[in-house]
Amino acid sequence: MPTPPTEGHLADEHFVRLLDGQLEAGERPWVEGHTERCEACGARLRQLRRRSARLSGILLASDPAAPPAPAHAPDELALRRARRAGRVPAARPWLRAAAMAALLLAAGLAASPLRAVVAEWLRAQWERVAAPDARPAAPAAEAPGAGAEAGSGARVQFTPRGAVFTVEVAAPQAAGALEVRRAAGAAATAEQTGGVAQAELLVLPAGVRIQGAPGATADYRVTVPASVRTVRVRVGGGRETTLTAEEVEAGARVELDG
Amino acid sequence: MDAARLFAEHHASLFRYLARLTGDADAAADAAQEAFVRMVERPPAPGETRAWLFRVGTNSALEAARTRTRRARLLDARPERAPLGDAPPAPDEALERAERRRAVQAALATLPERDRRILLMREEGFSHREIAEAVGTTTGSVGTMIARALDRLAAALPLDEDDDDADTAD
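Protein sequences, first through last, are from chains X and S.
Here this note's numbering is used: the first sequence runs in plain steps of one and ends on residue 260.
Here this note's numbering is used: the second sequence runs in plain steps of one and ends on residue 237.
Next comes chain S alone, as it looks inside the complex (with noise of 0.2 Å):
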């Protein structure tokens, strides 16, 4: 197994799924990182690779959010206890993409994660069954799904909106 190129590979893929999962950069770093450790100490079947480590990163994103929620209870509780210090102003570009950023998740937030899931994977090339098997459904469900989910994040985001560079080539 060449651990270089497989992370050459499949990171970039990877992360950027993680992010848009979680609205969390820095969570889907490590998330990402910690399913090529793995990987090496564990490797997956060969053909398999990339689906894997989707999976293993997804579960490491999710139980770092629900650690970083239990996190933030407690914090809530106990407010002396929270990290000072003001983060550095950030570049205009910088925080409207955060802000855009900010409006995804928003808009991903209203969909359950399962939903999330799908159509972040379909982003990232997935075939239906390859979906179907990280989600746990039926192949033939997931065209279904994704359309309902895109009806739903459509009263969120501007999905309808006219754009000179839509597809008329029917």
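Bound-form chain X, shown alone (with noise of 0.2 Å):
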């Protein structure tokens, strides 16, 4: 087993930093050149990425299943907590009703311009009286069939680690693909380009889960920088695509149905 380097050698500091992709833009050069050079060097850097795989591997397989959504909204439970707490009054329907028949008595009496002054204000005091009931609006809910907008679902960007990048497909697709390109610069992306259901994007140390329903219909583009040499795309658990540096240059699309 390869100990850690000493004298003249690179510390175990450059060697999770090349992992992370943490090295400033000066250093990678001769990290990554001395790791080619130096047989204990490249036999440590190559452990600890082993390393780091395997444990990233072995939580992922241990993980408890995700929580179901919370049955409140965070900003729901905030407004009960505060007017439990006395910070936030209590509603009032008495008095809504008092401003909107104000309000309209305003609007029926009062004479232009004045009738546009009392107006504003009683809507400011409406406003200011209804809002400890107000509820955030909820989440527009999905409209299958009815023009949903293409694109519109979750976007990350991240730095991976390694020159091995995994996308992670949970479940096979009744349909849909996903692209998989060069990034311009040193950030990994994931996105959902197609489909109306909104899957989830899972950031991995070296790549990302697409958490999507079985049997859905989506397209989901993945840009991947320089560094990443080589794209494993699973799709289900089961079928893998290796994809090469030629083909990730070149855009690559692999068909994500079962």
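Keep in mind the hints are simulated off the structure, nothing from the lab.
Since the structure is predicted, the reported quantities are computational estimates derived from the model, not experimental observations.
Quick reminder that beta carbons are idealized off the backbone N, C-alpha and C, glycines included.
Any given hint could turn out to be false.
As the list claims (entries may be wrong) - Residues on chain X that point at chain S, a partial pick, calculated with CB under 10 Å:
| no. | residue |
| --- | --- |
| 1 | 57 |
| 2 | 61 |
| 3 | 160 |
Reassemble the complex: the two chains are provided individually, in unrelated frames, and hints are given to aid placement.
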């Protein structure tokens, strides 16, 4: 088993920063060059890379299932907590009704231009009274077949570790494809570019996991930086496609149907 | 601040991190939700939301773990107060996953808490600077601490086994 490097060798921090994409711009060439020339440092780098990848895999394989969505949105819970603590006045229906009546009266009786001024003042009072019961707008429901805008899914951007990038598609889809391209900078991106139901994009240390519903129809695009030389696409834990750097440069497409 | 968007963006990662840190999915879910509620109550500065959520979630989860430990000691002293009832039988896959989780938690427990947090934040894609700020150390020392933690974990987990998927493209 390789031992950690000593005099004349790189320190562990160099290897880990290389793996994590944390080296300064000028550091990377000489760190990579040294690990290619020095057998001990190359072995230590490979050891740390292997251990990092294995740890990621072991953690993923033992993670609990994601919790169900909470019954109430965070801002709803915060509002309830504030009410219990007395920081927000409880709803006062009688005051709201009075404010509305006054608003209508002002609109009907006040002479222009005073009418506009009074109406605006009453409207401000109405909003202030109505605020404690304000509910956050519920997220718009998915409307299949209603012309949902393509490409309206989530997007993530991150700096991947290592030269191998893995795209895990949790479940085979009914249709759709994954496009893999080279990114311009040092960051990788993953986004949903088509389909109605929004998939969840989970960032992994050396890749991304696309958590969509089985049998869904959706398209995705992943871009990877130049540091990534191999892209592995796994669909549903079974079928695996390996893309070379040349294929990524040219723009690759992987079908995601089962 | 769009709380729903921030929730969609960060909740899964925060829950996963807290579940790995505590070994308790229920506690992780509670702590994650608490972090988002506090975010609504007192929004962090823009650009610091993710780090803030992880800091608040970690504090909440660790405090809850300390409370559970105190309660467990009390129950040990007063066994007649322990809740009754058997848990429902779990399917095989869930049992296997739970067993793997126990093994991982036992291995992570061999690390100091700070090293556990460093490794798990790294798994969530935090930069070394962010990790250093979160655990109270220097950016330059994070890489060394990660390597030492991996060395230590290799004694408890199969991190050095041959793997066909191991990266060979140096």
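The hints, checked one at a time:
For the restraint placing residue 57 of chain X at the interface with chain S, the shortest Cβ-Cβ distance is roughly 6 Å, inside the 10 Å limit, so the hint holds. For residue 61 of chain X, the interface hint holds, since its Cβ comes within 10 Å of a Cβ in chain S; the closest pair sits about 6 Å apart. Interface restraint check for residue 160 of chain X: the shortest CB-CB distance to chain S comes to about 5 Å, inside 10 Å, so the restraint holds.
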